[in-house]
Amino acid sequence: MRVLRSVCVGLLATTLVCSAGPSLAQTNVSETHESLLIGPGDLLRVTVLRESDLTQQVRVRDSGEVTLPLIGNVQVCGFSAADAAIAIAGKYVEGQFLKHPDVSVFVEEFATQPVAVLGQVVRPGVISISTKRSMVDVIAMAGGLTDMADRHITVERGGNTHGLEEVFLSNRPEDALNANVEIFPGDKILVPKAGIVYVLGDVGKPGGYLMQNNSRLTVLEAIAMASGVNRTASESRARVIHNANGHFEERELPLKDMQQGKAPDQLLQADDVIYIPFSFGKNILMGTNSIVAATSSALIYAGH
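Residue 81 in the working numbering sits at position 90 of the sequence shown, with consecutive numbering throughout.
Hints were generated in silico from the structure; no laboratory data involved. It is possible that some hints are incorrect.
With a straight-line cut-off of 20 angstroms between C-alpha atoms, the simulated EDC-like cross-links for lysine to aspartate or glutamate are [stated by the list, open to error]:
(1) Lys184 - Asp138
(2) Lys184 - Glu156
(3) Lys184 - Glu226
(4) Lys196 - Glu212
(5) Lys196 - Asp262
(6) Lys90 - Asp128
(7) Lys253 - Glu212
(8) Lys179 - Asp128
(9) Lys123 - Glu173
(10) Lys123 - Glu147
(11) Lys82 - Glu56
(12) Lys184 - Glu147
(13) Lys253 - Glu226
FRET-style restraints, in silico, Cβ to Cβ [said to hold, decoys possible]:
(14) Ala284 - Asn236: 49 to 59 angstroms
(15) Leu168 - Ala215: 21 to 31 angstroms
(16) Asn64 - Leu109: 31 to 41 angstroms
(17) Ala215 - Ser287: 18 to 28 angstroms
(18) Glu56 - Asn236: 45 to 55 angstroms
(19) Glu241 - Arg163: 29 to 39 angstroms
Note that beta-carbon positions come from the ideal geometry of N, C-alpha and C, so glycine has one too.
My request is simple: use the sequences and hints to build the entire structure.
Okay, here's the thing in structure tokens:
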């Protein structure tokens, strides 16, 4: 049986004492999942140090209680393992069964609970798991990421909106597998849509390009993805249009200087539009609104 978490409570000094084994105590899992609460159907191992007869493996009932020797029913539903250990130790003291109980609670198995996988996966929805799984496994169960997926994934821990965690899932297989991010029953996974940068005008392959490489893309990288500037282009009139909450700001791009290393390459933001005019007159006069409108019919390219 795999133990997911353990907490030891000593009431002797009314302080919380953690005595989990090194394999758990030295990981981030026990630190970052204290918001994961006990629920009906969870399987617990309750241990009282030096009182082997009181050690029990118990399943949490629908009422949220467990029944333990001497003290009877104890409410643990909605508690963390630490709080459950405190509550149980307190019952032994109140009943005058033990003066200084050292109680530990291990959550050996969580009841089957859904993990919601939302956003840019092939089959968004809920997946039921009864124990921790790697994020790679859970996303695979949802059919994997779509071509439009951003690699910065948000995980909501156990329904705790204050426990949001951003995880970067590398597109390098070895890095993704080694990340070993763990998903627990009751978590939610949100895979957002990747940002898009548009390269329009006199380039080899005009269109929209997903910011899949760590959500970072520069002007020269975007133009390279668009197969470069055509020989007929008017590079001196190149410009970038930035969408600032619906207000479009336009600035000139020193494209030739960038290409020659005389000016620094510039980072782009999602929804930025690079426009490289044609050398003949009517396209040079193309205004900001017309350029932005053209993005609605642009082809979107992924997988760079």
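Results for each hint:
1. As the CA atoms of Lys184 and Asp138 are separated by approximately 9 angstroms, the hinted pair is consistent with the 20 angstroms bound.
2. This hinted pair checks out: Lys184 and Glu156 have alpha carbons roughly 17 angstroms apart, not beyond 20 angstroms.
3. Proximity of Lys184 to Glu226 is assessed by CA-CA distance (about 31 angstroms); at most 20 angstroms being required, the pair is judged violated.
4. As the CA atoms of Lys196 and Glu212 are separated by approximately 13 angstroms, the hinted pair is consistent with the 20 angstroms bound.
5. Restraint check for Lys196 and Asp262: satisfied, since their Cα atoms lie roughly 17 angstroms apart, inside the 20 angstroms limit.
6. Restraint check: the Cα-Cα separation between Lys90 and Asp128 comes to about 46 angstroms, which exceeds 20 angstroms; the hinted pair is violated.
7. For the given pair, Lys253 sits about 16 angstroms from Glu212 by alpha-carbon distance, which is consistent with the 20 angstroms threshold.
8. At most 20 angstroms may separate the alpha-carbon atoms for a hinted pair to count; Lys179 and Asp128 meet this at roughly 14 angstroms.
9. Only pairs whose Cα atoms come within 20 angstroms are accepted, and Lys123 paired with Glu173 is accepted, the gap being roughly 6 angstroms.
10. Our distance criterion of 20 angstroms between C-alpha atoms is met by Lys123 and Glu147, whose separation comes to about 14 angstroms.
11. About 13 angstroms separates the Cα atoms of Lys82 and Glu56, which keeps this hinted pair within 20 angstroms; it holds.
12. At roughly 17 angstroms between alpha-carbon atoms, Lys184 and Glu147 fall within 20 angstroms of each other, so this suggested pair holds.
13. Between Lys253 and Glu226, the direct Cα distance comes to roughly 15 angstroms. Compliance with the 20 angstroms bound is thereby established for this hinted pair.
14. For the pair Ala284 and Asn236, the supplied restraint of 49 to 59 angstroms is violated, since their beta-carbon distance comes to about 18 angstroms.
15. Distance hint check for Leu168 and Ala215: the Cβ-Cβ separation is about 29 angstroms, which falls inside the suggested range of 21 to 31 angstroms.
16. The given range of 31 to 41 angstroms is respected by Asn64 and Leu109, whose C-beta atoms sit roughly 38 angstroms from each other.
17. In this structure, Ala215 and Ser287 meet the distance hint of 18 to 28 angstroms, their C-beta atoms being roughly 24 angstroms apart.
18. Between Glu56 and Asn236 the C-beta distance comes to about 51 angstroms, which sits within the given range of 45 to 55 angstroms.
19. For the pair Glu241 and Arg163, the supplied restraint of 29 to 39 angstroms holds, since their beta-carbon distance comes to about 36 angstroms.
In terms of the numbered hints stated before, the structure departs from hints 3, 6 and 14, listed from lowest to highest.
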